[in-house]
Amino acid sequence: MKLFNNKSVYLLIPALLFLLLPLYGFFAAIVQSLSGGSGWTLEYYSSLFESSRFLSAIWFSIRTTLIATILSLIIGVLITRSFYPYLEHHVPRLLVWLPMLFPHFVWGYMIILLLSETGLAAQLLVEAGVITDSSAFPIWTRDPQGIGIIITYIWKEVPFVILMLLPVYSSIKPGYYDLVETLGGSKVRQFTAVEWPAIFPVLMEIALIVFSFTISAYEVPALMGTTFPEMISVLSYEWFYGSGWEDRPMAFAAMVSLSLLILAFSAAGFSILQKKRWRAMRGRSV
Amino acid sequence: MNHTLDVQHLSKQFNHDLILSDLAFQLEKGEILSIVGPSGSGKTTLLRILAGLETPSQGSIHMYGEEITFQKANQRDISLVFQQPLLFPHMTVQENIAYGAKLAGKKNKNKTSDLLKATGLDRFKNYFPSEISGGQQQRVALARAMATEPEIILFDEPFSSLDPKLRHQIRYWVRDFLVDQSITGVFVTHDTEEAMIMGDRLALFHEGSFQQIDEAEVIHKHPANSFVADFLGGHLIVDEQHYVPLKECSLEPFNEQEVRSYHGLLQHITFQNGQAVGHIFLKDLDHQVSLPIHEHVSGEEVTLYIKESSIRTFGGSAL
Amino acid sequence: MNVKKLIFILVALLLFVMPVLLLLLQSFSSPWRFQSGESFHFQLTSFQVLWPASNLWEATFWSVVVGAGVLLLNMVVGIAAGKALSTLSFKGKPLLEVLFLSPVLIPVLAVAMGLHLFMIQAGLADTVLGVILIHLVPTIPYSIRIFHNSYAQLGNRMLEQPIVLGAAPLQQLFTVELPLMKPAIRSVTFLTIVISLSQYAITSIIGGGRIVTLPMIFFPFLDTANTSVMAAFAVWFAMIPLAMYIIVEGLLLLLPYSRMPWRNTR
Numbered sequence: 001m002k003l004f005n006n007k008s009v010y011l012l013i014p015a016l017l018f019l020l021l022p023l024y025g026f027f028a029a030i031v032q033s034l035s036g037g038s039g040w041t042l043e044y045y046s047s048l049f050e051s052s053r054f055l056s057a058i059w060f061s062i063r064t065t066l067i068a069t070i071l072s073l074i075i076g077v078l079i080t081r082s083f084y085p086y087l088e089h090h091v092p093r094l095l096v097w098l099p100m101l102f103p104h105f106v107w108g109y110m111i112i113l114l115l116s117e118t119g120l121a122a123q124l125l126v127e128a129g130v131i132t133d134s135s136a137f138p139i140w141t142r143d144p145q146g147i148g149i150i151i152t153y154i155w156k157e158v159p160f161v162i163l164m165l166l167p168v169y170s171s172i173k174p175g176y177y178d179l180v181e182t183l184g185g186s187k188v189r190q191f192t193a194v195e196w197p198a199i200f201p202v203l204m205e206i207a208l209i210v211f212s213f214t215i216s217a218y219e220v221p222a223l224m225g226t227t228f229p230e231m232i233s234v235l236s237y238e239w240f241y242g243s244g245w246e247d248r249p250m251a252f253a254a255m256v257s258l259s260l261l262i263l264a265f266s267a268a269g270f271s272i273l274q275k276k277r278w279r280a281m282r283g284r285s286v
Numbered sequence: 001m002n003h004t005l006d007v008q009h010l011s012k013q014f015n016h017d018l019i020l021s022d023l024a025f026q027l028e029k030g031e032i033l034s035i036v037g038p039s040g041s042g043k044t045t046l047l048r049i050l051a052g053l054e055t056p057s058q059g060s061i062h063m064y065g066e067e068i069t070f071q072k073a074n075q076r077d078i079s080l081v082f083q084q085p086l087l088f089p090h091m092t093v094q095e096n097i098a099y100g101a102k103l104a105g106k107k108n109k110n111k112t113s114d115l116l117k118a119t120g121l122d123r124f125k126n127y128f129p130s131e132i133s134g135g136q137q138q139r140v141a142l143a144r145a146m147a148t149e150p151e152i153i154l155f156d157e158p159f160s161s162l163d164p165k166l167r168h169q170i171r172y173w174v175r176d177f178l179v180d181q182s183i184t185g186v187f188v189t190h191d192t193e194e195a196m197i198m199g200d201r202l203a204l205f206h207e208g209s210f211q212q213i214d215e216a217e218v219i220h221k222h223p224a225n226s227f228v229a230d231f232l233g234g235h236l237i238v239d240e241q242h243y244v245p246l247k248e249c250s251l252e253p254f255n256e257q258e259v260r261s262y263h264g265l266l267q268h269i270t271f272q273n274g275q276a277v278g279h280i281f282l283k284d285l286d287h288q289v290s291l292p293i294h295e296h297v298s299g300e301e302v303t304l305y306i307k308e309s310s311i312r313t314f315g316g317s318a319l
Numbered sequence: 001m002n003v004k005k006l007i008f009i010l011v012a013l014l015l016f017v018m019p020v021l022l023l024l025l026q027s028f029s030s031p032w033r034f035q036s037g038e039s040f041h042f043q044l045t046s047f048q049v050l051w052p053a054s055n056l057w058e059a060t061f062w063s064v065v066v067g068a069g070v071l072l073l074n075m076v077v078g079i080a081a082g083k084a085l086s087t088l089s090f091k092g093k094p095l096l097e098v099l100f101l102s103p104v105l106i107p108v109l110a111v112a113m114g115l116h117l118f119m120i121q122a123g124l125a126d127t128v129l130g131v132i133l134i135h136l137v138p139t140i141p142y143s144i145r146i147f148h149n150s151y152a153q154l155g156n157r158m159l160e161q162p163i164v165l166g167a168a169p170l171q172q173l174f175t176v177e178l179p180l181m182k183p184a185i186r187s188v189t190f191l192t193i194v195i196s197l198s199q200y201a202i203t204s205i206i207g208g209g210r211i212v213t214l215p216m217i218f219f220p221f222l223d224t225a226n227t228s229v230m231a232a233f234a235v236w237f238a239m240i241p242l243a244m245y246i247i248v249e250g251l252l253l254l255l256p257y258s259r260m261p262w263r264n265t266r
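Sequence lines, in order, name chains A, B and C.
Going by full-length UniProt numbering, 30 is the number at position 30 of the first sequence; the sequence numbering is gapless.
Going by full-length UniProt numbering, 271 is the number at position 271 of the second sequence; the sequence numbering is gapless.
Going by full-length UniProt numbering, 136 is the number at position 136 of the third sequence; the sequence numbering is gapless.
Just so you know, nobody snuck in bad clues.
Okay, derived cross-link-like pairs now, DSBU-like style, lysine-lysine, Cα gap no bigger than 35 Å in a straight line: (1) B:Lys29 x B:Lys111; (2) C:Lys91 x B:Lys72; (3) A:Lys7 x B:Lys72; (4) C:Lys93 x A:Lys275; (5) C:Lys182 x B:Lys72; (6) B:Lys106 x A:Lys7; (7) A:Lys187 x C:Lys4; (8) A:Lys7 x C:Lys182; (9) B:Lys29 x A:Lys7; (10) C:Lys4 x C:Lys182; (11) C:Lys182 x B:Lys117; (12) B:Lys102 x B:Lys72; (13) B:Lys29 x B:Lys109; (14) C:Lys91 x A:Lys276; (15) B:Lys307 x B:Lys283; (16) B:Lys221 x B:Lys29; (17) A:Lys173 x A:Lys187; (18) B:Lys165 x B:Lys221; (19) B:Lys106 x C:Lys182; (20) B:Lys165 x A:Lys173; (21) B:Lys111 x A:Lys7; (22) B:Lys109 x B:Lys165; (23) C:Lys182 x B:Lys125; (24) A:Lys173 x C:Lys182.
To give an idea of the interface, some chain C residues facing chain B are shown, with a C-beta separation under 7 Å as derived from the structure: (25) Arg157; (26) Glu160; (27) Gln161; (28) Ile163; (29) Leu165; (30) Gly166; (31) Ala167; (32) Gln171; (33) Val176; (34) Tyr257.
Every beta carbon over 12 Å from chain C, so not counted as near; a handful from chain B, in silico: (35) Gly59; (36) Asn108; (37) Asp200; (38) Glu252; (39) Arg260.
To be clear, the hints were calculated from the coordinates, so they are not data collected in a lab.
We put the beta carbon where it would ideally sit given N, CA and C, even for glycine.
Could you put together the complete structure from these sequences and hints?
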């Protein structure tokens, strides 16, 4: 029997052609990170993992990204589950998605406007007499802790989390809540028994998307970060575009390492999902 | 003369399952064939192949002598009405009906307004599908299929999503409508009564092929095999080859010599059209029959008598 | 109005509306120095500084060209793949779906760096086409997904109905599929344009400084312009997706069976 007796299969061609772009790009990056003057070499990776600059950058990136991702998810879930009946309406939904109209770095600039030492928040607090001088305002932008980066990403990703979660919450039948309640379940129980199984796979997917985007994006840390510690993307970009060509293989090695890290996270996420699905299936058959 | 539709040796295989095997039938102009059979037996697949939405594994389909087996669905002069009305929600009733004709470049205003009148939907022509009832939607779907003036219309259980009362009304309406417009039709259902109302002929479909095709009366009098007899009811199946019409069975002994009798259990009595009907389980045949009974039958144990001369052999009008 | 709704409105205003309002106000006033006793001062100077800046219009032009190209290709690839994924069923489909989403997980910076050499060899480096192609990487996975969902919601039976009534593939697309997928088209428009506008690093790598889009001049502006001008620039950024949205909405009205929003339906 023919595998496809449907002409729709030709419709996949543009998408498959498109896939060549990221796949070729990724493998070219791997090849260039491994090719030395003559033949294959691992020297860039060994010097990469001896470089304290790289190690601190990757640590800083993971830490900053994890905090931003987890907080975005928590805040997104809280807002969605508290307010999703209102979010079904047109105007409130448009309000929530307003931040999505702006690129990340423009939102970052808004954070600077609001929270920098000379920003609006500092000025208002001085006016209100809470702090005596704007220099007493904590340094939240371009700070070594990455607070500005984290705030920017959270603020920008929360609408995205809501956007992804909204259809899930809308599809949970109110009857389930009543069921748990009539069985004497608490509010916590309602969350763990009704909502969690429905949102968990979506949350995992959002987490992976937000994590891999945040850890590898260049624009926001370039705007909000300091020179040390720096995000891995900023470091790689600098190596790629630095003084000469000699640092380029390092940029490739750093980016490939980062990709492998993300792939490891994704694989872990998927395997958790699969395990859960498997358990759910086994539970049904018993 | 060529048949309007001529289907020969039609087979369809999905992976390793044979859905249709060596089907054949012919339709004449204006004839309506009802295909009846258990749910999930592949009736829908047959319609989808006739409509061109799927290709057969083997066999041929001819229309007026011209082969259309591999013609694309959108080029066939065959329309299909699905179970759900599937009206286009962004078009008004009128636009829905005119859709197919407009695509074909036949902008016939009269045809559309005739159909609107015939379906009694003139008043609703500027309504959107979401604003009319389920029965009205199904009528629009039918008018939409008619508007392209197809040679044949296929119906895939078009009333099964309607409630019983509406279903009864619309059956006769559609039947009269098709006869009136002399449309050739194939009507698929799992409901025997509906099949008899809608079709000139009945085709009993089971395990990928037709067990019998004929007029309802012929099939009733001469079922081709035990499946047909069992599916239609009305017969006591004695064994794989033999049956007895129920009306020749009796709970009273006959004054004849050659009589067969079966012990039965009266499980239930219901009333239909003012007549008491006993539902009797025959242990020896592992079979349940429903017989008109006198209400004064007492006790649970009954005996069913049949004359040996009443026993007939299947295959009276087999294909 | 109940308390919960009030809280929702407050949260929405504080988190999502206030920042945008802030940018708007700042763009229409001189830089705020409240502690030195200055009050809010309305002015249009920031736009008067921003607009004549020689490279702003050029960058806007390139951003729009790149954005429009990226959007067009996203529509074509997304609609085709979305339809195929929802109408076909074959063994490796779940794997293919993951594969189509995977570019979102690989750092686009790594892809751009890897493609750089190829782009030079293919003569695509420093060209609009090269920039459009690299912008496809972070956008198309979302578009495929959105259109896949949208087709799945329509259902295969609804897609077969126009075929049965004699519609050719393009007629099916324009008379039934596109009109019924307007929400998906709107989402893809917004998402694609905003993501394309957000790319500084990959535009700079593939565009080689020759294709100057808005982000490429936003960063240098930071060093020279005052807060009001920067706020005006930020507002300018939001104008592009809005303008694109209006254009797409206008194009959608050209689809068969569209009704003018103000026209009474009956």
